[in-house]
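Generate the whole structure from the sequences, applying the supplied hints.
Here the protein sequences come in this chain order: A and B.
Take the first sequence: its position 294, counted from the start at 1, is 338 in this note's numbering, and no numbers get skipped.
Take the second sequence: its position 185, counted from the start at 1, is 190 in this note's numbering, and no numbers get skipped.
Selected chain B positions facing chain A (in silico; Cβ < 10 Å):
1) 64
2) 233
3) 235
4) 270
5) 272
6) 274
7) 276
For the record, the hints were derived by calculation from the structure and aren't laboratory data.
Computed from a predicted model, the values in this text were never measured in an experiment.
For every residue, glycine included, the Cβ atom is placed at its ideal position computed from N, Cα and C.
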Amino acid sequence: MSDAVLKVDDLRTHFRLRAGTLKAVDGLSFELQAGRVLCIVGESGSGKSVTAQSIMRLIMPPGRIVQGGITFRDQDLLALTEREMEDLRGNRIGMIFQDPMTSLNPVFTIGEQIVETIVAHTSLSGEDARARAVELMRLVGIPEPEGRLSDYPHQFSGGMRQRVLIAIAIACEPDILIADEPTTALDVTIQAQILRLLSDVQKKLGSAMILITHDLGVVSAMADEVLVMYSGRMVEYGDVKTIFRNPRHPYTQGLLDSIIKLDDSRESELRSISGLPPIPIDPPPGCAFRDRCVKAFDLCGEQDPPWVETGTGSTAVCHAVAAEEAAP
Amino acid sequence: MSDGGNGAGGGPLLSVEGLVKHFKLDPKGLFEAPPILRAVDGVDFDVRRGETLGLVGESGCGKSTTARLVLRLIEPTAGSVVLDDVDVLACSKKELLALRREMQIVFQDPLSSLNPRMSVGNSIAEPLRFHGIGDKVDRFDRAREFLEVVGLSTDYYDRLPHEFSGGQNQRVAIARALILQPKLLILDEPVSALDVSIRAQILRLLIDLQGRFQLTYVFISHDLSVVKRFCNRTAVLYLGRIVEIAESESLYREPLHPYSQALISAIPEANPDGPRADSLGGLEGDVPSPISPPPGCPFHTRCPHRMPVCSEEVPALKEVRDGHKVACFLH
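Shown next as structure tokens:
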């Protein structure tokens with residue numbers, strides 16, 4: 045556990061709204077190990093994207109990181125100046141967003157945008173930077189890269205644009221890649237190509253990766269470790285096989301039960317989690333999942349749930365799991 | 006409308022033949038011919054009474070355009086659509102209006118298909134008002150009844166869409182589509198925008214309603230797992246054509262078309278023993294543009310089994326075994 049490239053400690057990112065304080069992320073702690081892929085999984089509003097934006101320090105008012113520590117190697121990211129942070133972004137930490145059309149600038153060519161990143165963060169310039177851009181485009185599987193340098197984003201398909209973003213993100217061989225729903229906007233055959241590519245570059249560079257997704261299929265294809273979020277908090281953490289084989293938190297169990305699998309028969313039960321996720325505006329104490337939980341009891345509404353190292357290998361944040369583990 | 010044959014159990018409820026939609030785009034230059042986008046390029050299928058037919062394919066394959074053509078929300082370039090022995094394309098405007106009571110559609114994003122300033126109850130009652138059915142009191146009662154039909158409390162009548170979750174708004178959209186008691190309901194990605202834990206609630210509701218109101222569904226989705234679980238039969242579309250159609254079980258157990266095979270093997274499975282990213286199946290390259298589709302079989306540019314004939318002739322959709330049709334020269 046000593047080889048962590050990133051440590052997040054009790055991170056709290058809140059948004060001051062007229063209706064109250066939206067606790068988008070509220071007490072999240074985890075470590076990212078070098079060379080590993082951590083998938084953060086959760087449904088809409090669970091705080092997974094805000095977590096990524098917090099790490100990159102991209103939170104805009106009315107949002108604010110109100111508490112917690114984010115340590116990259118030995119640097120405290122929250123203590124850096126904006127200038128120092130800019131140096132880090134796109135250089136040591138690369139980021140890939142869901143919608144490549146909005147993260148690429150429509151009035152600059154693909155070549156200009158890749159070269160810009162290379163020039164900003166390396167000693168390369170001019171022809172050398174161009175050559176590096178071509179090399180990167182070839183690496184991410186863009187055919188005939190020399191000819192496509194002068195194309196604009198709209199001349200690329202969705203899958204090809206996502207390849208461009210990956211090229212930009214890996215231009216400086218970052219220590220960490222953060223990918224926020226990188227394949228959600230893509231068709232399934234293109235998604236498979238991009239997942240293969242991401243996995244390939246991550247292994248080649250030896251970078252650690254945080255991959256944010258709502259799709260448990262993507263988790264199963266990519267993750268080494270999995271962190272399940274619900275309503276701004278972690279509910280369970282463990283290695284990917286443990287989470288899928290032995291989920292302990294009732295939310296993780298319900299989520300896995302809700303997936304419709306290709307080998308399900310027409311007669312198989314269609315399971316879901318009853319109710320709706322709460323919006324964490326000034327949330328009451330206790331477990332955020334209790335109203336939808338089949339195992340909830342009185343304590344769940346009174347006290348925040350404890351972190352429990354389970355005998356089955358995961359860490360679950362749950363009163364019911366604590367009781368199960370305490371039972372002989 | 007059709008007193009001659011209400012033929013329950015007889016012929017198909019919906020019959021689509023040779024359906025074509027070509028969109029003319031703006032010409033590039035003053036003297037150039039306008040480019041043609043072949044959104045739907047010769048589609049045939051039947052939908053039996055009480056069944057659910059799935060249409061799957063990637064973006065741009067023509068599945069949503071097909072749905073809009075069937076409802077005549079857009080006018081086809083060629084082909085025929087017959088609903089319950091009525092030729093939809095031959096209807097006058099007035100007849101079409103009456104026919105729309107028989108076929109309704111539910112879209113992917115309920116928030117953009119519901120009027121944000123109209124209470125959900127009035128939204129549900131709106132089709133009754135539009136068709137001049139009942140008086141105000143009747144319509145109010147009926148809308149309240151349909152709120153309950155889709156599992157919402159009648160107390161919610163006066164709520165606005167923004168006060169509801171995605172799943173609740175989708176229930177409202179379903180109630181609005183059902184209040185005219187149509188025979189055919191087209192569901193265009195009805196659960197794609199919903200969270201995993203909510204999705205099954207809506208699918209269960211749809212299955213319930215199908216039994217209760219003897220509905221026939223056309224279910225459009227890019228999610229093959231959902232289609233397989235939900236649909237009796239599945240049609241796979243690629244670049245405006247059906248490349249394979251079969252009983253869902255048969256199609257997934259033994260997909261015959263190389264595109265269907267690739268589509269199924271590209272899905273990452275939520276399974277600890279499933280394939281990792283580097284062994285996911287799939288295809289090289291992108292879908293070609295429907296403005297200049299490749300000659301011959303539309304799939305030949307990406308097909309791992311292509312033969313010389315594939316770039317010369319368009320393979321016909323033919324039955325290779327009981328009810329299993331495929332358009333491929335391999336079969």
